[in-house]
Amino acid sequence: MKYFFNGFRRNDGSAGTRNYVGIVSSVICSSAVVREISEKVDGTVPFVHANGCAQLGDDLKLTKNMLVGVTTNPNIHSALIVGLGCETNQVSGMLKSIPKTKPITGIGIQQLFGGENTINKGVSITKEWVEAAAKQKREKIPLSSLTIGVLAVEHDDHSLATTTSVIGQVVDELVDSQVNVIFGMSKTLEPAGDMLAERISDADEKKKLIDASKGLERLRWSDAQLGSKTFSEFTDEQLHSAKLEAKMAGKKPISSVLDFGEIPNKNGLHLMRNSSNLVESLSKMAAAGCSAVIIVSSRGVLTGSVALPCITITPETDPNSFDELVDYTIKNNGNNDYKEEIIALLQEVCSGKKTKLEELELGEFSIPHLGTTY
Amino acid sequence: MEQKIGALMLNSMDNVAVALENLKAGESISIQGKEGLVKVFKSIPYGHKIAVHPILKDEKVIKYGECMGIATETIPVGHHVHVSNVRGLNKEDKTAVTLKGGVEK
Amino acid sequence: MKFFKGYRRSDGSIGVRNHVIVINTVGEVASLTKKVAQMVPGVIPIVHQAGQSQSLEDIEQTMNALLGTAGHANVSGALILGMGQDDTAEEIVKVLKNKGRHVHSINFNKTQSISEALREGKLWLENAKERSENEPTEMADVSELIIGLECGGSDAWSGITANPAIGAFSDSIVKDGGTSILAETTEAVGTEHILARRAVNEAVGQKFLDIVKRYEERAWAAGENIRSANPSPGNKVGGLTTLEEKSLGCIKKGGNSTLMEVIDYAQRPTEKGFIFMDTPGYDVESVAGLVAGGSQIVLFSTGKGSPTGSPIAPVIKIGTNSKLYQNMPEHIDINAGKIIDSYLSIEDIGKEIYEKVISVANGEVTSSEKHKNQEFSIWRLAETM
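Protein chains in written order, with the working numbering: chain A, 1 to 374; chain B, 1001 to 1105; chain C, 2001 to 2385.
Calculated directly from the structure, the hints in this document are not laboratory data. Treat the hints with care, since some could be wrong.
As the list claims (entries may be wrong) - The calculated BS3-like cross-link candidates involving lysine-lysine, where the alpha carbons are at most 25 Å apart (straight line), are:
{"#": "1", "chain 1": "A", "residue 1": "K266", "chain 2": "A", "residue 2": "K206"}
{"#": "2", "chain 1": "A", "residue 1": "K354", "chain 2": "C", "residue 2": "K2351"}
{"#": "3", "chain 1": "C", "residue 1": "K2351", "chain 2": "B", "residue 2": "K1004"}
{"#": "4", "chain 1": "B", "residue 1": "K1024", "chain 2": "C", "residue 2": "K2323"}
{"#": "5", "chain 1": "C", "residue 1": "K2236", "chain 2": "B", "residue 2": "K1091"}
{"#": "6", "chain 1": "A", "residue 1": "K229", "chain 2": "C", "residue 2": "K2213"}
To be verified - Which bits of chain C does chain B cover? Going by a derived footprint, with three or more residues having C-beta under 8 Å, they are:
{"#": "7", "segment": "2151-2161"}
{"#": "8", "segment": "2335-2343"}
What the hints assert, rightly or not - Covered, in the sense of this in silico footprint (three residues per stretch, anywhere, with C-beta under 8 Å from a C-beta of chain C), are these stretches of chain A:
{"#": "9", "segment": "20-34"}
{"#": "10", "segment": "91-102"}
{"#": "11", "segment": "112-124"}
{"#": "12", "segment": "206-219"}
{"#": "13", "segment": "300-308"}
{"#": "14", "segment": "364-374"}
Computed from a prediction, not measured in an experiment: that's the story for all the values here. All C-beta atoms, glycine included, are put in the ideal place defined by N, C-alpha and C.
Please model the entire structure based on the sequences and the hints provided.
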């Protein structure tokens, strides 16, 4: 094994790059309580969002899957789930779906007769866990224990020209080193779906990519037509950019196409269906088990994930850009050690070095909708 | 208060009242919103409805001053009013209600 | 005549609070929004994750919700944080400045460093806060109040105690020339003919029937038949017999007044009196819509106990039973359970609600305000692009 990092071993065989106590709200109604517990206990991260009730079908399933996913994320040492009591997404249902490999407890505002009691109880539980987490030391662990996300955000052909082959080499190197890689696939990459499909052996997974390349399809509910969707074909220009972006996903075989908050079941390179919304995409990556994310952007981004270190990589552009938020710049002057430098930076960050977004404490969480609320 | 209040009428036009506690068969209760006593025919759990006026088969069951269903059999005063003797409205009922331009007993 | 002391705004509206807020237009700047709010004590951050990569209907709905919130009568000053070059933040500021409102936008783009932008935000907020502290109040008539009507975490008593009492209040304030807005289209399925019949004219009645139909079709598309699923087995055990009865228990929050207007989500009514707004039954999103539509105060009935509030409007919690009031006094403002165990009438509680509304309009802090329940979320109509 070539690459190692210093991280936190988990009982399920995975490894974390951070050692947070997660506080997960099952529904928006408990979000204020979750925030307050988190503010009172250093070392905790709040997973608050706008969902959890008055949802139906796939929409509810995605919310539940993502919340179960973040509690099992390897960066989470232990997790407290806080509910209201009468919500659709019941805490008891979430607890049943979570494997018992770390300390997990669920509490509810109605069951504890109010927010104040719930906050007190939550503070005492998480304080204990934070103390336990503080005793855990980082150990030398192969990088192959990790799942790393790669997310391309708002780029143009100019920035792609600089970044795409470098990131492609990084992805290939990580996959060769048995690191699990999840590459985000948003509408800008979808036109290249049929091209990427050639790298996938499973027929069902192949079909998902070919279908995605036919045109942009998204669910809508403002009109009452049953199952109403929007569909538009991709333009040649979009196809051209997608082909450039596809190079960022390297050249290795693709194992699966993830959706609905799925967690990959084997190591390799995976594509994850995403919207173009940064926070939703990072949150899906957290739910799928990523311990760190490489964000490749033309501009630098203004937020990261609440639980994952996000390394921001940009091409060398405007000297006035937000360099205070950029961790690594790919310069145009022919230095050819980019791949090694980026992987070295990834190892450092996974071992505890704070990213720029972490230093500024910029991190969010949100859950996309597959249906409207009722 | 001499006589406890066992049920509440939500509107003076209603023919049912809501039990505020478990009502026992045979007891006479007074009803908020109505003069006199009503004798409970069979036990009625709290939150359920008791007939305070006789409701004939196919007549409207009125709560909140509005039609909440149709009696599927004649319901005497003091009887439990629920799924066994009331059905929801169908399209024709609603059109009829709309055409009459208001609820009458 | 009933009066309250409020803050007169340049657009003619009158607020019952004098908040200074920071609000984001896109989810990506939510963290920065909280950061800048923390720099100035007393400033309220309003954050959400809408605004990015949305379909047209969501862009419009988000815009309405943001405009209605930032330009709300309870808001003295609003800082709007956006991102990039062509962001909605500037658009919102343009609209509200035209009405003379005290607003400012900062767009995070590459022309200004983040620390400079945060400094600019802090300075503006400090000034806005100081400005708000010097704003006078004036006496206003209750006819200038818009009260949102909501329920959440309902139980078997909701339709018997709290909701009819809210209905009694609604009829009173409408009689006094004020406005009440009923919401939650989901809850009206089965009784649409009753509310349609109460409409002031056929067009208003038809609009109401249309939005209910649209709702049922949406639920049907997700595999749910609202009519056959209700009342649920649990509802029946609790004593509810028909869908009509269950829905009547919800819509009776609107009393018996004439339905003057049916408005879309987060829209401001153009009429006074009893209004219906198309919102989901999801309480936080519904309250956000009611407030964006101009409600200065929201009445919220709850049976199981829901702590949620609003970042800018006082929410008055009305408990449906005395047990809830004893168990969770910190979250309940009025105990409508007295109808069950103290034999008070629905009208008695209606009067108590009216007195509370006046007192809260004059500054009394509600339980959701005290506990900083500032939940906010905008109703979404399509998958993110």
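Worksheet item: Of the hints stated earlier, which fail here?
Response: 2, 10
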